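Visitor: Sequence:
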Amino acid sequence: MTDGASRFTERFGLGSWSDALRLLAESGPAELIAQVRVVERADARCERWPRGKAHDDASALYARI
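Numbering-wise, the sequence shown is residues 3 to 67 according to the working numbering.
No wet-lab data here; the hints were simulated from the structure. There may be inaccurate statements among the hints.
[Stated by the list, open to error] With beta-carbon atoms standing in for the labels, derived distance ranges:
id: 1; residue 1: 57; residue 2: 23; range: 20 to 30 Å
id: 2; residue 1: 44; residue 2: 67; range: 28 to 38 Å
id: 3; residue 1: 67; residue 2: 47; range: 14 to 24 Å
id: 4; residue 1: 66; residue 2: 44; range: 29 to 39 Å
id: 5; residue 1: 57; residue 2: 19; range: 15 to 25 Å
id: 6; residue 1: 4; residue 2: 29; range: 26 to 36 Å
id: 7; residue 1: 43; residue 2: 5; range: 10 to 20 Å
id: 8; residue 1: 19; residue 2: 40; range: 11 to 21 Å
id: 9; residue 1: 21; residue 2: 58; range: 29 to 39 Å
id: 10; residue 1: 33; residue 2: 53; range: 17 to 27 Å
id: 11; residue 1: 67; residue 2: 46; range: 31 to 41 Å
id: 12; residue 1: 57; residue 2: 17; range: 16 to 26 Å
id: 13; residue 1: 67; residue 2: 45; range: 32 to 42 Å
Note that the structure is a prediction, hence the values are computed from the model and not measured. Yeah, the Cβ is synthetic: ideal placement off N, Cα and C, and Gly gets one too.
Using the sequences and the hints given, assemble the complete structure.
Guide: Written out as structure tokens, the structure reads:
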């Protein structure tokens, strides 16, 4: 998971790391990133969640071995 995707937990507090892993397992990386994008768009001026840039590149991979 890149720092853009980790905004789910680290910056926006949308859930814990356990929540993020559950979301990845149940709905896949696209859903986790979609949830991050919703928050980024809602705070385009970076006021509620201060950050260096409004949007960051985001990638995530979930694999079970």
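Visitor: Hint by hint, work out which the structure violates, then give me just those numbers in ascending order.
Guide: Those not satisfied are hints 3, 6 and 9.
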